[in-house]
Amino acid sequence: MQLIPPLLTRPLNAVPLVVIERVCRLMFRRIGLAHPGLFERLGEHKAKRFAFLPTDVPLAFIVEPASDTIFVWRKTTDVIADAVTEAPLFMLLALMEGRCDADALFFSRDLSVTGDMEAMLAMRNALDASSIDLSKDLARLAGPFAPMAGRVIGEIRNRALDRALAGETASWN
Amino acid sequence: MELICPAGTPAAFHEAVDAGADAVYCGFRDETNARNFPGLNFSREELKEAIAYAKKKGCETFVALNTFMRAGAEEIWYQGAADAVACGADALILADFGLMAHVAEKYPDQRLHVSVQASASNPDAINFLVDTFNAKRVVLPRTLTIADIARIGKSIRCEMEVFVFGGLCVMAEGRCSLSSYATGKSPNMNGVCSPASHVRYRKDGRDLVSELGAFTINRFPEGEAAGYPTLCKGRFDIADSNGYAFEDPVSLDVMGELEALKAAGVSALKIEGRQRGKAYVAEVVKVMKAAVNSPPDRRGALLSRLRSMSEGQKTTSGAYEKRWR
Ligand code: SF4
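Top to bottom, those sequences are chains A and B.
The numbering of the first sequence is the numbering used here, which starts it at 1 and goes up by one.
The numbering of the second sequence is the numbering used here, which starts it at 1 and goes up by one.
Misleading hints may appear alongside valid ones.
[Stated by the list, open to error] With a straight-line cut-off of 25 Å between C-alpha atoms, the simulated DMTMM-like cross-links for lysine to aspartate or glutamate are:
id, chain 1, residue 1, chain 2, residue 2
1, B, LYS185, A, GLU44
2, A, LYS75, A, GLU86
3, A, LYS136, B, GLU283
4, B, LYS286, A, GLU155
5, B, LYS56, B, GLU2
6, B, LYS57, B, ASP131
7, B, LYS286, B, GLU46
8, A, LYS75, B, ASP30
9, B, LYS57, B, ASP124
10, A, LYS46, B, GLU45
11, A, LYS75, A, GLU40
12, A, LYS46, B, ASP30
13, B, LYS203, A, ASP82
14, B, LYS289, A, ASP78
15, B, LYS203, A, GLU155
16, A, LYS46, B, GLU222
17, B, LYS203, A, ASP162
18, B, LYS56, B, GLU75
19, B, LYS314, A, ASP110
20, B, LYS48, A, GLU40
21, B, LYS203, A, ASP56
22, B, LYS286, A, GLU44
23, B, LYS56, B, ASP131
24, A, LYS75, A, GLU44
25, B, LYS314, A, ASP82
26, B, LYS57, B, GLU105
27, B, LYS136, B, ASP90
28, B, LYS203, A, GLU40
29, A, LYS75, B, GLU75
30, B, LYS286, B, ASP30
31, A, LYS136, B, ASP18
32, B, LYS289, B, ASP131
33, B, LYS106, B, GLU60
34, B, LYS57, B, GLU75
35, B, LYS185, A, ASP82
36, B, LYS262, B, ASP240
37, B, LYS262, B, ASP237
38, A, LYS136, A, GLU44
39, B, LYS286, A, GLU97
Don't read these hints as lab results, they were simulated from the structure.
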């Protein structure tokens with residue numbers, strides 16, 4: 001399923017990976033600071049590598065809870081991870097915030113999981129148990145403009161999610 | 001009728017309470033409960049906080065200790081019971097007679113409910129548990145028709161709770177050995193049916209193939225709604241046909257029979273789904289609460305919203321309306 005048209009994601013191919021990764025790490029660190037116990041529920045699975053592959057973005061995100069790090073790869077490279085989840089980007093973000101039910105997305109075939117199911121289930125439950133709110137958590141990066149940034153992020157997220165759950169393909173032009 | 005709602009995490013617990021649950025059921029993060037999934041369930045501290053939150057909002061908390069004790073390791077279950085009582089649980093949901101005896105003896109004032117896992121499905125069995133362990137409520141197995149429930153209701157001396165929505169366990173509960181057969185682990189002893197450690201999904205061309213242990217459970221062509229990798233919902237080659245031997249990937253929904261269940265003497269309606277996310281819990285509890293409070297002719301429209309969130313995106317009334325086929 002493609003919720004973001006390729007026209008919008010194509011420019012990502014021109015941005016150096018190191019820049020994308022740095023931005024993602026900044027956001028990842030911010031979320032970690034706001035939710036220090038985030039990966040506690042993973043237990044023995046904390047040492048594993050979790051890949052998140054947005055079906056509509058040419059990038060792969062690999063999370064290593066043990067080292068509190070996120071890596072970004074281009075999808076042209078084979079991803080090495082213990083468990084892999086694939087879904088449209090906004091659904092992955094919604095899962096992270098617990099706004100969507102992973103089982104429901106699996107039943108509707110919008111989400112697929114391969115690899116170590118136990119590890120991915122633990123990750124799903126850890127994220128669901130947290131109270132991540134991207135609009136609040138990431139807005140803090142905007143310093144004095146945090147309230148405005150929060151509103152903008154929240155608005156984009158809500159609209160995209162409504163479309164995603166209504167089964168629409170976004171037409172952003 | 002009371003609405004009994006599931007919670008696998010404190011976040012889901014809060015959602016259930018806020019959405020109008022009359023009681024929330026949950027369990028500890030170990031093999032003492034039948035939803036012993038990785039990353040799910042409550043620590044002692046989390047349970048204590050959750051119960052306090054529920055009490056403030058006038059909602060009850062039932063703690064499920066509903067697996068069967070392992071010989072020689074009873075202390076794990078005894079400790080679970082002691083901690084649940086100390087945390088202020090309004091009821092313990094138990095399946096093992098040994099654990100029921102222990103709780104009845106040690107905590108005589110603690111309200112005790114008979115878990116569906118005990119498979120108490122006739123008046124003699126239920127009244128034995130009422131008389132022997134002072135059980136106040138029985139959760140009936142999903143193998144009975146509404147007429148059966150009405151007959152049982154007339155001759156038992158405790159309340160009846162029935163599953164009305166969510167995942168469908170189609171066998172005599174607490175007695176199913178399919179998961180044990182395929183993986184060595186079962187919901188009855190280990191708290192997991194078809195444990196994730198033995199599940200594998202793979203793509204075969206455009207098909208999604210699900211495997212449990214050494215068995216292929218299903219193959220879903222592109223576009224077909226998927227289901228859980230449980231053997232009872234597997235699609236198999238049997239003689240000349242290929243199909244679902246026991247049950248399709250489908251969820252339970254008997255909310256259309258609410259009036260009949262009320263007339264049968266049911267006092268509590270249970271929603272399955274401790275393994276589901278907080279978004280599911282919030283939505284289902286909200287809709288179910290509205291449905292319970294709505295006139296019968298408006299319930300269908302309300303509940304149709306939930307179908308897309310159900311296993312196989314289909315619902316059935318299961319054995320409650322059993323017909324010969
Ligand atoms: S295999 Fe099916 S019937 Fe048996 S315990 Fe699992 S869900 Fe229930």
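Tested hints:
Proximity of B:LYS185 to A:GLU44 is assessed by CA-CA distance (about 19 Å); at most 25 Å being required, the pair is judged to hold. A hinted pair counts as satisfied when its Cα atoms are at most 25 Å apart, and A:LYS75 with A:GLU86 qualifies at roughly 12 Å. A threshold of 25 Å between alpha carbons decides the hint, and for A:LYS136 with B:GLU283 the separation of about 23 Å falls inside it, so the pair holds. Restraint check for B:LYS286 and A:GLU155: the C-alpha separation of about 24 Å stays at or below 25 Å, so the hint holds.
Straight-line distance between C-alpha atoms of B:LYS56 and B:GLU2 comes to about 18 Å, which keeps the hinted pair within the 25 Å bound. Our distance criterion of 25 Å between C-alpha atoms is broken by B:LYS57 and B:ASP131, whose separation comes to about 33 Å. In summary, the hint linking B:LYS286 to B:GLU46 is supported, as the alpha carbons are separated by about 23 Å, within the 25 Å threshold. In summary, the hint linking A:LYS75 to B:ASP30 is not supported, as the alpha carbons are separated by about 38 Å, beyond the 25 Å threshold.
The suggested pairing of B:LYS57 with B:ASP124 is violated, with an alpha-carbon distance near 37 Å, which exceeds 25 Å. Distance check on the hinted pair: A:LYS46 and B:GLU45 sit about 22 Å apart at the alpha-carbon level, within 25 Å; holds. About 29 Å separates the Cα atoms of A:LYS75 and A:GLU40, which puts this hinted pair outside 25 Å; it is violated. Restraint check for A:LYS46 and B:ASP30: satisfied, since their Cα atoms lie roughly 18 Å apart, inside the 25 Å limit.
Between B:LYS203 and A:ASP82, the direct Cα distance comes to roughly 16 Å. Compliance with the 25 Å bound is thereby established for this hinted pair. Our distance criterion of 25 Å between C-alpha atoms is broken by B:LYS289 and A:ASP78, whose separation comes to about 47 Å. This hinted pair does not check out: B:LYS203 and A:GLU155 have alpha carbons roughly 35 Å apart, beyond 25 Å. Restraint check for A:LYS46 and B:GLU222: not satisfied, since their Cα atoms lie roughly 33 Å apart, outside the 25 Å limit.
For the given pair, B:LYS203 sits about 28 Å from A:ASP162 by alpha-carbon distance, which is inconsistent with the 25 Å threshold. At roughly 32 Å between alpha-carbon atoms, B:LYS56 and B:GLU75 are farther apart than 25 Å, so this suggested pair is violated. With a C-alpha separation of about 16 Å, the suggested pairing of B:LYS314 with A:ASP110 holds against the 25 Å cut-off. For the hint pairing B:LYS48 with A:GLU40, the CA-to-CA distance comes to about 18 Å; that is within 25 Å, so the pair holds.
Restraint check: the Cα-Cα separation between B:LYS203 and A:ASP56 comes to about 19 Å, which is no more than 25 Å; the hinted pair holds. Between B:LYS286 and A:GLU44, the direct Cα distance comes to roughly 35 Å. Violation of the 25 Å bound is thereby established for this hinted pair. Between the alpha carbons of B:LYS56 and B:ASP131 the distance comes to roughly 33 Å, so the proposed pair goes past 25 Å and is violated. For the suggested pair A:LYS75 and A:GLU44, the alpha carbons sit about 28 Å apart, so the restraint of at most 25 Å is broken.
Restraint check: the Cα-Cα separation between B:LYS314 and A:ASP82 comes to about 32 Å, which exceeds 25 Å; the hinted pair is violated. Simply put, B:LYS57 and B:GLU105 have alpha-carbon atoms about 31 Å apart, too far for the 25 Å limit, and the pair is violated. Proximity of B:LYS136 to B:ASP90 is assessed by CA-CA distance (about 12 Å); at most 25 Å being required, the pair is judged to hold. For the hint pairing B:LYS203 with A:GLU40, the CA-to-CA distance comes to about 31 Å; that exceeds 25 Å, so the pair is violated.
A threshold of 25 Å between alpha carbons decides the hint, and for A:LYS75 with B:GLU75 the separation of about 50 Å lies outside it, so the pair is violated. Using a Cα cut-off of 25 Å, the hinted pair B:LYS286 and B:ASP30 is violated, with the two alpha carbons roughly 29 Å apart. The hinted pair formed by A:LYS136 and B:ASP18 meets the criterion: a straight-line CA distance of about 22 Å does not exceed 25 Å. Between B:LYS289 and B:ASP131, the direct Cα distance comes to roughly 33 Å. Violation of the 25 Å bound is thereby established for this hinted pair.
Note on B:LYS106 and B:GLU60: the hinted pairing holds, with a Cα-Cα distance of about 22 Å set against a maximum of 25 Å. Only pairs whose Cα atoms come within 25 Å are accepted, and B:LYS57 paired with B:GLU75 is rejected, the gap being roughly 33 Å. Proximity of B:LYS185 to A:ASP82 is assessed by CA-CA distance (about 23 Å); at most 25 Å being required, the pair is judged to hold. The suggested pairing of B:LYS262 with B:ASP240 is violated, with an alpha-carbon distance near 44 Å, which exceeds 25 Å.
Restraint check: the Cα-Cα separation between B:LYS262 and B:ASP237 comes to about 41 Å, which exceeds 25 Å; the hinted pair is violated. In summary, the hint linking A:LYS136 to A:GLU44 is not supported, as the alpha carbons are separated by about 30 Å, beyond the 25 Å threshold. For the suggested pair B:LYS286 and A:GLU97, the alpha carbons sit about 19 Å apart, so the restraint of at most 25 Å is met.
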